[in-house]
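Visitor: Okay, here's what each chain looks like letter by letter:
Number of protein chains: 2
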Amino acid sequence: MVSIAHDLAKKQKEISVSEFFEKNKQILGFDSLTRALITSVKEPVDNSLDACEDAGILPDITVQVEKIDNNECRVVVEDNGPGIVKKEVANVFARLLYGSRFHVRAQRRGQQGIGVSAVVMYGQLTTGKPAKVRSKISDEDVAYECDLILDTKKNKPDVIRQDFVIWDREHGTRFEINVKGKYVTGKQSVFEYLRGMAIVNPHVRFTFIPPDGKTVVFERAADKVPPPTREVKPHPEGVELGEMLTMAKYTDALKMTSFLNSEFSRISHRVAKEILERADVPADLRPSRLKLEQAGAILDSIKEVRIMTPETDCLSPIGETLIRKGLKNVLGELKADFYAPPVTRDPKVYAGNPFVVEVGIVYGGGLTKDDQVQILRFANRVPLMYQQGACAITQAIEAVDWRRYGLEQRGGKGIPYGPAVLLVHLASTKIPYTSESKEAVANIPDIKEEIELALKACARRLKTHLNKAEKKSKARVKFEIVQDIIPMIAKKSAKIVGKPVPDLAGTITKIMNVVWVDDEVVHEKGRHKVSVKLYNYTPKSQRLHLHMLVPFDNIDPKTLQVQPSEVREGNKVTWEIKRVPSTEVFELRFDLKGLDRDAYDENEVYVSGIDAVSVVGVEVLPGDWDLEHIRIVEEKDEEPDEDEDQVDYDEGGAEVIKDDE
Amino acid sequence: MVSIAHDLAKKQKEISVSEFFEKNKQILGFDSLTRALITSVKEPVDNSLDACEDAGILPDITVQVEKIDNNECRVVVEDNGPGIVKKEVANVFARLLYGSRFHVRAQRRGQQGIGVSAVVMYGQLTTGKPAKVRSKISDEDVAYECDLILDTKKNKPDVIRQDFVIWDREHGTRFEINVKGKYVTGKQSVFEYLRGMAIVNPHVRFTFIPPDGKTVVFERAADKVPPPTREVKPHPEGVELGEMLTMAKYTDALKMTSFLNSEFSRISHRVAKEILERADVPADLRPSRLKLEQAGAILDSIKEVRIMTPETDCLSPIGETLIRKGLKNVLGELKADFYAPPVTRDPKVYAGNPFVVEVGIVYGGGLTKDDQVQILRFANRVPLMYQQGACAITQAIEAVDWRRYGLEQRGGKGIPYGPAVLLVHLASTKIPYTSESKEAVANIPDIKEEIELALKACARRLKTHLNKAEKKSKARVKFEIVQDIIPMIAKKSAKIVGKPVPDLAGTITKIMNVVWVDDEVVHEKGRHKVSVKLYNYTPKSQRLHLHMLVPFDNIDPKTLQVQPSEVREGNKVTWEIKRVPSTEVFELRFDLKGLDRDAYDENEVYVSGIDAVSVVGVEVLPGDWDLEHIRIVEEKDEEPDEDEDQVDYDEGGAEVIKDDE
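Chain order of the listed sequences is A and B. Heads up: the first sequence at position 139 corresponds to 138 in numbering that gives the first Met the number 0, and the numbers run straight through without jumps. Heads up: the second sequence at position 560 corresponds to 559 in numbering that gives the first Met the number 0, and the numbers run straight through without jumps.
One chain only, chain A, in its complex shape (with noise of 0.2 angstroms):
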């Protein structure tokens, strides 16, 4: 036995990472001779990006892709921005765990320090052959060039050739890779991956080079920059027991109060003497001086004090109108029936990591029907492309009952089947990747939470326009048989008695019984075309309340003939209308200017104080409707999903709820 113990201690050994990864490359993203070759384009691209970015540069990138042989791609990624000093480009290209966004706390598409070096590791692994890296930085006149192999035993970046060359580029970075890979077309490919990103990154310019050498070249759709992320300390919300202690231990602060201040984000100092008290730890103790159980104390009151949502300026959402953009542009000639109105979450936080979850959702027109639906997954404005049963925004999709929102979907679980297409975008001060190769998104509880409210607030708005469409579609149909054959009785009736054809209205009146909204928009010549009609299909004369969500500064006051009775927040708006006698129509009209054409393509119409079973085509809010406590219902997330079921529905099905909280 003795021989055994000591047996095994010899071959105890240290494993470098470089080793690991080689052994282990799927791990990285390299399992499969397709999806390797996106990986290698990937990469460079994610760190093309983030330069350009912090140095607010437009980004110009060209990404090209030659066929050596059967097995083996030359990947080319170029691009304008700032450029490498040349003490770093070795490290940066060749050794793994190296790079500057890892301790940074803020969104970055790279931010492991992997990436990039992890190509150069599997180029020379899979060919033999050395990457190839040019930069040049904008004050030098020559542009440093070299050849470069990562040495896996020791993790370290080996240069094998090095010169500096003219290059007429002012600044910028070029990397040039052998790969075994294989280039395909198709829904995983190097074209997808590059549709996906200019989709998400409209400022960046895209230009791929595929191996048949027909260039494609994504335009730029914004010439901004987006707004640079702030770098951010972490928010206290989920910071470990464990990560407490050791920030207090090397922290300079020489108080708990200034540590909690400054170590933490929205600790101001009152509120860090509020967690101290409560945790009945002293103000002014040392931080290296915390102890195991003060420390959880104070994790304990940092829960039950009120500590701001954390700062929105470290994140870089796409927004409402690119996401609607994106979705149009992936449907391209498939045009679709509806695109809801895209949903961005107020941010969260994970374990002191900010993040914000945003969806889009699109049905209808020419997407198939008996398909699963189709899902578009982003991370820090990145496309992920694989892995997708992995990720955490998959599985938010398989735990919604999508029943509820008028997708097919076997027991109310899983993938659900329809015309529609979901896209969720999750962005984040760091994103937990499943692994290194960043294609999915972990099963972090709180993350899956808010995907899930965000998908749900988004289907609601779905179910909203199925219901409309179905009710709309039903009273027409009514209408026109009441209308065909009323007035052909009518006819035949008074032949027959030999009296004159009577006035029908009434009659249609009494057998509709019902006031019928039809809205419309239409966009001409840059403007929103905005018509609501209330048709007074009852034996009496109608009062009601009439709502819109609808950006109320965008309409063109000459055009508003009723002048609202409030507004709210700036886009819930209400017109009470005092009397549309029966038989009558009253139609509410007004333009939209200023707005994209995407930016507004269904009107969102409400009615309250009328009975629900006498309305057709618009949700109705309960009677003694009240702006104050009545909320619409997208933001009825805010309530514990617990609650879910117990969501009350009107008569037309639609779910409303009364704030009283």
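Because the hints were derived from the structure by calculation, they are not lab data. You can take every hint at face value.
The list treats identical chains as interchangeable, and a pair is accepted whether it falls inside one copy or across any two copies.
Taking lysine-lysine and the BS3-like style, the derived pairs with C-alpha atoms no more than 25 angstroms apart in a straight line are:
| id | residue 1 | residue 2 |
| --- | --- | --- |
| 1 | 248 | 155 |
| 2 | 153 | 9 |
| 3 | 12 | 153 |
| 4 | 290 | 155 |
| 5 | 10 | 153 |
| 6 | 248 | 10 |
| 7 | 232 | 152 |
| 8 | 509 | 471 |
| 9 | 471 | 528 |
| 10 | 181 | 302 |
Fit chain B to the supplied structure of chain A, relying on the hints for placement.
Guide: The following block gives chain B in isolation, referenced to the frame of chain A:
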């Protein structure tokens, strides 16, 4: 611009591997509190089992989980392994990328040198507390005990207390840690993990003490340690160009022939010479002088030269009997109708690593019909409990068209629905996990394809079973009708015409016009009693061959009335049935002895030499049947997958193929 490149350069830093994983703990399997607890149990258990097996010890493992408070648990794992020598304890338990198994090409549970140290890091990060390790090796009188933390800035262990203590074990290791985690029961729980472990590791005794103190013991089902798996050199198949060059650079061999022979498995001196000759590389070239093109040429000729399939003694598959037992165990009270004979494929190679795939399928009985099939994934005898969607096993299941095998599946892709359980085990000298958390197999094309082939082979058995069951039940209905109605008609007619009721056997025979084969197997007093009956309901006498897949050596010769005309591979047995007169019955009977009850629970019967349309109840092999030219269906997979759709179906719907290669 200059300042930006320089500013960015200043931020470039090395990242220690433990800092990296501290900030990316989700990659290691600590994304949610329930999963974190399971990971904290899995990692030390993996280590314990590997150590016991390396030492040839029958493992006896105790796992205890205590609830400290709502979100904190204490995990204790104790084994009877060989122990760890004092100077290695700290490194083994508190240093990432350190271990004995990473550089070894052999089937082990642990392969990364990360696992248990990651648990220590997670524990200290979330609870601020160290791990406690005690270990004793058999030639020492006392055990060594220490409290450990991992210094994440340096990735080095920090021993904060150590001592020698009396321990009444002769040898073994005890690991104790406090972690933030949540103890739950259900599908993804510590209990289920241990149950899965017990199924595929029947030589291990697991004692589980859950928080409520109600100890559960999973007793050993086998009292032998599985034969030790041998360490192997890489198989030349799938070795990468860069890898070949590196190996050539570092080898001790002085000539290319001895390099190829000594560094790879399955390359004899003769084969080495043949490879080099084809590649036009001198046999006595110094390996360190090998050029890129030469290495490429060698790789090309390796593909052309016939190289033996990999050794199997480096792998430890579960085996058919154990898979069957395991499945019965999982199902417990839910008795299933049918256990398809499990399939263990021949070993294959990916990237130089041998691997083998095993599949078992269970169908019907108490399993629910309306849900997705249940998937049980195992890798190197460890159950995979998370990231099902990311796993090549799941992806292979989704890629099979299960409608062809009798399960429901929308569009012929995705996880099928139906009353079935699919078990897949992958054993390899290196499991390519998608991440360090070791919960999903990466989508390596060669592996996924093998899994698909194994699934299809096993699914064919299911299909045969379902076909047979369906046809039998149809034939039975027909018989019942014929045998009820014909006599009634005969009786009535006889009465009307005043004649006696005629003998109906001939008439019924004319109407049925089939040979009906009915087989049965009953387990009684440790024996399997097998019976195959042929009812000749055709107007003429029949002659045919009867084939069975049955272990011939287990047939009790005394019970066998008719000697077979041929026995192949010990289990393909043929009887020539010379004459079954019209309207008569032929019965073949025998007993099987010395088999486990579970080892034989359905007969596989085929006939030949008879027109397929005349037979009900079994598959008919083609008319010109000849043992030389027929392989029984489960071996069909050797053909490339592309041919899948060209399989012939006989009248009965069963697949038969001709081996005309």
